[in-house]
Structure formats: C-alpha cells, structure tokens
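Heads up: the sequence lines are chains C and H, in that order. Here the first sequence stands for residues 3 to 94, numbered as in this note's numbering. Here the second sequence stands for residues 105 to 304, numbered as in this note's numbering.
Hint data in this document are derived by calculation from the structure and do not stem from the laboratory. Note that the Cβ used here is the ideal one computed from N, Cα and C, for glycine as well. Hints are not guaranteed to be accurate.
What the hints assert, rightly or not - Negatives, chain C to chain H, calculated, CB over 10 Å:
1) Met10
2) Pro16
3) Ala21
4) Asp30
5) Tyr35
6) Gln42
7) Glu43
8) Asp45
9) Ser78
10) Asp83
11) Gln85
Claimed, not checked - Here are some, though not all, of the chain C residues that point toward chain H, as calculated from beta-carbon distances under 8 Å:
12) Leu14
13) Pro19
14) Asp46
15) Lys47
16) Thr48
17) Gly57
18) Gly70
19) Ser71
20) Met72
21) Ser75
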Amino acid sequence: MAAVTRVMLDVLKPHQPNALEFASQLADMGDDYRVNLVVQELDDKTQSIILTISGQQIDFDAVTQHIGSMGGSVHSIDEVDVQSEAPSTIPG
Amino acid sequence: MFARLRYLTELTQSQRIARRYFVTNGFDGVLAMLGLLMGFRVSATVSIEVMIGACVGTAVALFMSGLSSAYISESAEKRHELRQLEKSMVTSLGESAHGEAARLMPWLIALVNGLSPLLLALLILAPLFIAQQHAWPDFLAELSPLDSAIIGALSLTFLLGVFLGHLNERFWLWSGIRALLIAIVTAGIILLLNQFMGLS
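Chain H on its own, in the form it takes in the complex:
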C-alpha cells in the first residue's frame, strides 16, 4: 500500500506540494501557539488547564481548517489537471494511475496540511501537559512550563526555517535565523500590544 502511495505521489509530483503545505501550515500553527502562549505570559495568572484548553482548541481548529481548505483546493486542482491530460490523451484516464492519484492525492495533501500544525502545536504544548500531570522534572525547576513551551515554539520556528533552507538549497543557518526573527518580531508585537492595552 505504501509503495503504491509513493508511486502515485511521484507520478503527480505531489511530494513538493505536500512539503510546501507542511512548512506553511506548520509555520502558521507554531506562530499561533506562540501568540497564545505570549498572551498567557503577559496576562494575569492563568491556570495550566485553561492554557491547555485554549491551545488545544486552537490546534484542533487549525487541523480542521488545514484539512478542509487543502482538500477543497487540491481536489479541484487535481480534477482540472486530470481533465487537461484527458483532453491531450483523447481518452478517459479515470481507471488509470492518474485517475487514482487525482482521487487520493488531495486527501494525502490535506492530511499533511492539517496534521502539521496539530502535531507541532502538541509538541510545543508538551511542557504544559507534563506540568499538568505534576511530572515537571527537578532540573527544570528554574524554568516555568510556560516559558519552556515558548522556547519550544521558538526552536521549532528555527527548525522549520532550517528545513525550508534545506529545500531551497540555501544556507540552513541563515534560513533558520530568518524564521526565528519572524517569531521574535511576532512575540514583540504581542508584548507591545498588550502594553498599549494595559493588559500587562
């Protein structure tokens, strides 16, 4: 089954689209989590349960939004591509690998687009889950779970930048730093807005 899926992915060159979706929507997810966590950081004391509830809710919404938007756009795109190819071939390709790929690939791409922000968000929230279970390690006692989650979000932004740099065949460190700068600017804007609104 996986060999067939790999063949269909290569046939339609869908791996490129899936990679692009993984990075763009993953970046969205990480920045959304960073925004929420920065909001909690500057607001009055909020319980870990409330933080987890708000962040998981956002992550699930990002998953559903990523899944549905990618499926709708990709299925329309793949159907259009198949129709164009059928015109050139002057035959129906519904039963061929191209037809199968046009039906399956939108689901695969949609899954990547939906799962990337969800999984990255859950990774960022791991310190909060650990703290909720009262299992926060002693050697991290100096660092709060919220700060650890923020550091995790910044690290993931850097890693997504590195991955993007690897895809673009650019210098990985510069690409990672550039992504990290975007996250730091985002965090800075949130801090400033909170100060203007008198929340912190």
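This is chain C alone, in the form it adopts within the complex:
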C-alpha cells in the first residue's frame, strides 16, 4: 500500500490553540512527523494556515480528525507526496 510522506493542507482554525500548540500537537501524533505551519491570513476570530506535514507514513485520517478536535477544518489538500512500498519490504 502506498505511504503518504508529505501533505500540504489549507486549514481554517480558531486563534486558540495558537500556532505553536497546534503544530506541536500534530507533530506528537507520529514518531517522525515534521510539521511546518505558515499563517496566511488573520481574521477577528480565525486564521487561515498552510500546514505541511512530512513523515515516513502519515496517518491522514487521524491527522484530519485531530485538526477537527482542535477546532480547525481542512479546506483543501494542496500538495501530497505519496510513495509506493519498496519491493524488498514486501514479505515473501
């Protein structure tokens, strides 16, 4: 099965949790997750951010669910890097 190694998401989130807390919580979801967060636009109660998450195998559903639990909503998936599993790792 192909592994998602990087996703770039357009997300709308409330001001709280702040950018640092938001990115840290997402990074804590995986052992090797690397999260980059760029605030694109600030509104009265919300902010639009571009989230880039990279790792060996990103659990995309869990990530979007956690974004939702922090009050954010994914507007679009702007970029993805997906890698098929190397033949040597297939058993047999």
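With chain C's structure known, arrange chain H on it following the hints.
Okay, now just chain H, sitting in the frame of chain C:
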C-alpha cells in the same frame, strides 16, 4: 484528566476568569464572615454553637449563590462565544475541544466561585471549631476564639489584597493594605451602627 482540564482552561483562557472570581467572591465571603463576627463581638454573649451555626449557614449560602450565579452567567457566555466562533468557522464545533470547553468550563468556574467563600469562611471559623472541641491552646488563653477569628478574617483580607496586587503586577504591600483598610472600614461601620441601634 487534569492535563485535559488544563488544556481546555488554557484554550478558553478561563484561568483569568477563575482567578478573578476567586478573589471577588472570596472577598465577599471574608467580609460577610467579618460582619457576622463583629456583630457577635458587640452583641450580648452568644454561645460558640450559635456563632458557628450562623457563620456556617452564611458560608453555605455564599457557596450555593456563587456556584449557581457563576454557572448561569458563564454557561450563557461560553455558549455565546462558541456560537460566534462557529459562525466564523462556518462549521459546528460541538465535538471539538472548544465545544467540550464550553460545556465544562462553566462548571469549573462555578466551583471556584462557590468554593472560594466557603473555604475562606471555614478557615476563618477554625478558632471557633477548635474552641467548640475544647481544644483551645493554652498559649492563646489571652485571646478569645472570637477575636482570633476576627484577626484571621483581617489577615485573609490582607492576603487576598496581596494576591490581587500580584495579579495586577502592583506593589503587593500597598494592595494588601488597601484591602485591609476596606475590612477595617467595614468593621468600623458595623461598630457604629451597633452603637446607634443601642446594641452594644
């Protein structure tokens, strides 16, 4: 559970509101106790049991009043805030941390608002409880339990002032003295009123 509660408190910045409620309602509780104790001080001899009964009754009433008033106002406020945020996000946040906080935080704030006058009142009444158990220490024989409770109330007022000064980043001593002055003026008014009414 405590980590989750701390996260939700930080998310909604509820610690500020809880601190404010702790000081304002705690101050109410301490002044109410001071008023009652000053009343007993200037009135004809009242038994310790009657003093404890009246003071504990007042403390419980303050607890219930603090709990219910804060819950009613804070739950309405948090629901309003959540609705405003949902409008901006154009989505329902009921299942998110914000929704959870809107349901839980009013209870937490209400508990702080109710418990602060109750616990401070029980602290003030400690000398009366000790005397009721006939365990009043010998080294305090010169001081009556009632006077000790009044001194306790004045000290707690000073400490609440110091705490408020610490929150406002003002000079702690001045803030403490200012709160103490309010308590002394209150005690003075009670003494004067009792004299006018011929109770003392």
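Q: Find the nearest Cβ of chain H to the Cβ of C/Gln85 and say whether that gap is larger than 10 Å.
A: 32 Å, holds
Q: Could you check if C/Met72 really has its C-beta closer than 8 Å to a C-beta on chain H?
A: 6 Å, holds
Q) Non-interface claim for C/Asp30: all C-beta distances to chain H beyond 10 Å? A) 12 Å, holds
Q) Looking at C/Tyr35 again, its CB stays over 10 Å from all of chain H? A) 19 Å, holds
Q. Does C/Met10 really sit off the interface, with its C-beta more than 10 Å from all C-beta atoms of chain H?
A. 21 Å, holds
**Q.** Assertion that C/Gln42 lies outside the chain H interface [Cβ separation over 10 Å]
**A.** Nearest chain H Cβ is 16 Å from C/Gln42, so the label holds.
Q.
Take the shortest C-beta to C-beta distance between C/Lys47 and chain H; is it under 8 Å?
A. This hint holds: C/Lys47 lies near chain H, its Cβ roughly 4 Å from the closest one there, short of 8 Å.
Q) Are all C-beta atoms of chain H more than 10 Å from that of C/Asp45? A) Non-interface label fails for C/Asp45: nearest chain H Cβ at 7 Å, not farther than 10 Å.
Q: Tell me if C/Ser75 is really an interface residue toward chain H, meaning its C-beta lies closer than 8 Å to one of theirs.
A: Since the shortest Cβ distance to chain H is 5 Å, the answer is holds.
Q) Holds or violated: is the Cβ of C/Ser71 closer than 8 Å to a Cβ in chain H? A) 6 Å, holds
Q) Are all C-beta atoms of chain H more than 10 Å from that of C/Pro16? A) The claim is violated: C/Pro16 sits with its nearest Cβ about 6 Å from chain H, within 10 Å.
Q: Closer than 8 Å between Cβ atoms is the bar; does C/Gly70 clear it against chain H? Give me holds or violated.
A: 6 Å, holds
When each numbered hint is compared with the structure, violations occur for hints 2, 8 and 17.
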